[in-house]
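Enquirer: One letter stands for each residue in the lines below.
There are 4 protein chains.
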Amino acid sequence: MLVEDNTSEGGKVFDYFIQGLILISLISFSIETFPDNSFETKQVLFITELFCVTIFSAEYILRVAVAKNPLKYIFSFYGMIDLLAILPFYLNAAIDLRAARVFRVFRIFTALKLIRYNRALHRFHIAAGIVKEEMILFFITTAILIFLAASGIYFFENEAQPELFCSIFHSLWWAVATLTTVGYGDIFPITPGGKVFTFFVLIIGIGVVTVPAGLVASAIAKARKLDDEEQQKLKN
Amino acid sequence: MLVEDNTSEGGKVFDYFIQGLILISLISFSIETFPDNSFETKQVLFITELFCVTIFSAEYILRVAVAKNPLKYIFSFYGMIDLLAILPFYLNAAIDLRAARVFRVFRIFTALKLIRYNRALHRFHIAAGIVKEEMILFFITTAILIFLAASGIYFFENEAQPELFCSIFHSLWWAVATLTTVGYGDIFPITPGGKVFTFFVLIIGIGVVTVPAGLVASAIAKARKLDDEEQQKLKN
Amino acid sequence: MLVEDNTSEGGKVFDYFIQGLILISLISFSIETFPDNSFETKQVLFITELFCVTIFSAEYILRVAVAKNPLKYIFSFYGMIDLLAILPFYLNAAIDLRAARVFRVFRIFTALKLIRYNRALHRFHIAAGIVKEEMILFFITTAILIFLAASGIYFFENEAQPELFCSIFHSLWWAVATLTTVGYGDIFPITPGGKVFTFFVLIIGIGVVTVPAGLVASAIAKARKLDDEEQQKLKN
Amino acid sequence: MLVEDNTSEGGKVFDYFIQGLILISLISFSIETFPDNSFETKQVLFITELFCVTIFSAEYILRVAVAKNPLKYIFSFYGMIDLLAILPFYLNAAIDLRAARVFRVFRIFTALKLIRYNRALHRFHIAAGIVKEEMILFFITTAILIFLAASGIYFFENEAQPELFCSIFHSLWWAVATLTTVGYGDIFPITPGGKVFTFFVLIIGIGVVTVPAGLVASAIAKARKLDDEEQQKLKN
Chain H
162 MLVEDNTSEG GKVFDYFIQG LILISLISFS IETFPDNSFE TKQVLFITEL FCVTIFSAEY
222 ILRVAVAKNP LKYIFSFYGM IDLLAILPFY LNAAIDLRAA RVFRVFRIFT ALKLIRYNRA
282 LHRFHIAAGI VKEEMILFFI TTAILIFLAA SGIYFFENEA QPELFCSIFH SLWWAVATLT
342 TVGYGDIFPI TPGGKVFTFF VLIIGIGVVT VPAGLVASAI AKARKLDDEE QQKLKN
Chain Z
162 MLVEDNTSEG GKVFDYFIQG LILISLISFS IETFPDNSFE TKQVLFITEL FCVTIFSAEY
222 ILRVAVAKNP LKYIFSFYGM IDLLAILPFY LNAAIDLRAA RVFRVFRIFT ALKLIRYNRA
282 LHRFHIAAGI VKEEMILFFI TTAILIFLAA SGIYFFENEA QPELFCSIFH SLWWAVATLT
342 TVGYGDIFPI TPGGKVFTFF VLIIGIGVVT VPAGLVASAI AKARKLDDEE QQKLKN
Chain A
162 MLVEDNTSEG GKVFDYFIQG LILISLISFS IETFPDNSFE TKQVLFITEL FCVTIFSAEY
222 ILRVAVAKNP LKYIFSFYGM IDLLAILPFY LNAAIDLRAA RVFRVFRIFT ALKLIRYNRA
282 LHRFHIAAGI VKEEMILFFI TTAILIFLAA SGIYFFENEA QPELFCSIFH SLWWAVATLT
342 TVGYGDIFPI TPGGKVFTFF VLIIGIGVVT VPAGLVASAI AKARKLDDEE QQKLKN
Chain B
162 MLVEDNTSEG GKVFDYFIQG LILISLISFS IETFPDNSFE TKQVLFITEL FCVTIFSAEY
222 ILRVAVAKNP LKYIFSFYGM IDLLAILPFY LNAAIDLRAA RVFRVFRIFT ALKLIRYNRA
282 LHRFHIAAGI VKEEMILFFI TTAILIFLAA SGIYFFENEA QPELFCSIFH SLWWAVATLT
342 TVGYGDIFPI TPGGKVFTFF VLIIGIGVVT VPAGLVASAI AKARKLDDEE QQKLKN
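Chains as they are written, first to last, in the working numbering: chain H, 162 to 397; chain Z, 162 to 397; chain A, 162 to 397; chain B, 162 to 397.
If you're looking for bench data, these hints aren't it; they were derived computationally from the structure.
Incorrect hints may have been included.
What the hints assert, rightly or not - Pairwise CB distance ranges (calculated):
1. Z:Glu391 - A:Gln393: 30 to 36 Å
2. Z:Ile235 - B:Asp197: 55 to 61 Å
3. A:Thr352 - Z:Thr215: 36 to 42 Å
What the hints assert, rightly or not - Sample of chain Z residues with no beta-carbon within 10 Å of chain B, all distances over it, derived:
4. Ile179
5. Lys203
6. Ile216
7. Lys233
8. Ser328
C-beta atoms are modelled at their ideal positions from N, C-alpha and C, and glycine is treated no differently.
This is chain H alone, in the form it adopts within the complex (with noise of 0.2 Å):
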């Protein structure tokens, strides 16, 4: 079948009719959000759904068909990208559709869809298996050092900008911004010892925050190297 297979000549070219139709169905959605879009693109845009809609219905049906235990289809990851990415459509219509617009914001996911064709994601996979347990750790790490920042200014710049830094909450969008190096501007230390205080966090906080991009990277090297060797043994 053309849905399951995807290393004959039929099931690259539906796999990539596929993966366009995705494409066509997401840039629809995000003009879709423009305020101001006249009636002719309203009608374009809801024919183009109509047509992916139909699309996407068919091959979920078909996949469901061809699955060797349905069930088991419907429920695993995949089985329900595909099943919200048409869901919103059906509901809409049921509905009343400016209620309904919120569940709109669950099409998104189409685009995971894009992920699901690519095989090289193999290697990722044995890299994420490679790195989990540092990286839950390193969330930890992050999360307790927000905290940490946040309180710290909060305690350092509470009487001096009452207005920005007036809880730990507020406090927590400022540690976000700072550590992940975003610094919108819209709030910062003022104060000589929120100042100080924000190199101390700096000067560590960035060796946390950036440390999992690292660990990723050198997983993802050691997965190619025990993918090659997978593959040469396979050879031989």
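With the hints as your guide, set chains Z, A and B onto chain H.
Expert: Quick look at chains Z, A and B alone, frame taken from chain H:
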């Protein structure tokens, strides 16, 4: 004993209970900082804190009683944190509440307790040992670089922006925000000389400031390798 | 021939001369963009350009004449750049000067000529081959992530800031500036939901966006190793 | 001699004393830049400087006298820095104090003296040798990228923001602040074309600009390995 042993079933349940309590106490600590809490909220927060401090105090006394060398525990890093987590509450009761609000900030150290219970930290300790020397060198280099950057920008920008770059100490804040690439936008060069100087500072500085993260990542990769080999030996 | 050979004494002198000329032509191109150049400046710039284009044209004709397969050179990557570096000048003379100002921007491609003469690029080509697949995957992942981030923030911030987050396309600009941690500060979330969303986007996103740099670095380290082994073999 | 030998007990004490003096002299230099120092402060600063320069001068004379080849020491990198650290003081006494204020900025070089006394720099020298070529290539690539980015953004934004992007030289400032992800927020694109261009510049540019840090990190890891092997050999 439950407090000491974290491999048995009961020990694990106890650990998760304490971790949950720390989280609750941190959230209640954060909510307390809101400037406009109602009387009801304040009461709920006080009761929450009373409960947490009671448990933490009982845990602390138990740990001291159970320890083979009570003094060693009391003056250990975690012993100090355990004490700091409960002390502000008792001090608040003895001294005037408002004056002691400053001590309360130490309760954020309870967040560090979360780390205590995590065994995977072992590898991080190995990695820390590997990169210790380089990290110190990089911190010194970073400090020198920040000082040189601040002195240089003071020289270029002092005349054009005497308010912002009014001394090297004020310029240090610019150097920190720039070399860490946070760039809040509250202070930046406007003269051509200052901009060219910033270019060179950044090209050199980014390398220096972000290298420690790479060093930590590669040290963790090596620590994982050493740890795996150790585990392998123990099995054979 | 001098233009082809860059190992002989004469070839090296010729190469450095051409590189110097490219630098001069780029600086003169940049000065031309000043809005208030005097007539004298404009004349000096025109003479500089005339000189550069004359040399570049002579070099181009020589390269075509010397090449074993002239058509292959003309349609090669560097052949196209060599042509693009001189073409705008001749087009300017034929068509109205002001309308052709747009073509002038292509002269910036002469900067790429600088790369041409560098032999150390060999390792980079090896490294590029190693990480090619991962890079494509990361670009796709980055694109999906930016789209998801833009859709999400649109959902959270559209009502609070309809001017800035007026569609997903406008939110994309926020997603790009935030995930790359540039954070200009022209657009940022103000609602609590948007800020919490930004936190999660950044924690996940920084890893994804900065991993490619780590991959390139480790690939270059491996390419250096392969290159060293190759050199070793040639010596034995 | 104490000044030469940093392995004996006395030599170590002397080194720490000099390092402390450098720190004190740098802090006093920074305090001097405050625009509103009182007369008392200025006197204390002058006495501090007098003391530091006296010691540094004595140390310099001793080093020249002790050196096997005095001229070699005088014209060495550290010899020049040692001289630069004391020269401004004597020049200030001879020439008008206010005119010589500019020379005073050279005193910041005393910070480099701190590096001198650190033996662990050896590995960094090895690492520097390993990545030298790649670093130069990356600096060239970065320079080309910044130039291309500046030219491109000038083309897109010049008409919309003629004040900010008034020439390629002005756009270079934007390119530097953006590619290093500092993003002060004083200059950024507002046209859709400029924003899309910024997206591509950042996706490509972040890789290029942050790779050197990864290269340095992996080179240091390799240098550590080589250094360990060397130490191992010396023991056997």
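Enquirer: So, against the hints stated earlier in the document, which numbers end up violated here?
Expert: 2, 8
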